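Asker: Sequences are here, hints too, so could you generate the full structure?
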Amino acid sequence: MKKLYFVFFLFFVSLGFAQDVKSNGDIADFKLYPNPVTNGKVYIVTADKAPKKIFIFDVLGTRVLETTLFREELNVSELDAGVYVLRVYQKDKIATRKLIIN
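Numbering-wise, the sequence shown is residues -18 to -1, 1 to 84 according to mature numbering (1 follows the signal peptide of the UniProt record, and there is no 0).
FYI, nobody ran anything at the bench for these hints, they're computed from the structure. There could be a bad hint or two in this list.
[To be verified] SDA-like mimics (lysine to any residue), calculated; alpha carbons at most 20 Å apart, straight line:
hint : residue 1 : residue 2
1    : LYS73     : ASN21
2    : LYS35     : VAL46
3    : LYS80     : GLU54
4    : LYS75     : THR28
5    : LYS73     : GLU55
6    : LYS75     : LYS23
7    : LYS35     : PHE52
8    : LYS23     : LYS80
9    : LYS13     : LYS73
10   : LYS13     : LYS23
11   : LYS75     : ASP8
12   : LYS80     : ASN17
13   : LYS13     : LEU51
14   : LYS31     : GLU55
15   : LYS23     : ARG45
16   : LYS75     : PHE39
17   : LYS73     : LYS23
18   : LYS73     : THR50
19   : LYS75     : ASN21
20   : LYS31     : ALA10
21   : LYS73     : ILE36
22   : LYS73     : ASN17
23   : LYS13     : VAL27
24   : LYS73     : ALA32
25   : LYS35     : LEU51
26   : LYS73     : LEU14
27   : LYS80     : VAL41
28   : LYS13     : TYR25
29   : LYS31     : THR50
30   : LYS73     : GLU54
31   : LYS73     : PHE12
32   : LYS13     : VAL58
33   : LYS31     : LEU61
34   : LYS80     : LEU47
35   : LYS80     : ASP62
36   : LYS23     : LEU68
37   : LYS23     : VAL65
38   : LYS75     : LEU51
39   : LYS13     : LYS80
40   : LYS35     : SER59
Since the structure is predicted, the reported quantities are computational estimates derived from the model, not experimental observations.
Answerer: Take a look at the structure:
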């Protein structure tokens, strides 16, 4: 049980540092809403309208969703309620955010 708490602690500490620092590779005008998700749909908006490669990971680092998004709406209704990490790749840019599903 102590190992599980340690994994959660490391995850949230690393996620906190990752959200505060904006690197040069971050996607311009990246918006993620609504967060927390309540209706099974989340919108991912960027300045560039190019396709986006989407990865969603659970708190243990397991990839639970992988898709390519051509528009702005992503259906996450198949995911259980919880905290996830959303990683978006668009051209040579990357954005990583915490995603909460209620």
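Asker: Report the numbers of all earlier hints that the structure fails to satisfy, in ascending order.
Answerer: 1, 6, 17, 19, 22 and 33
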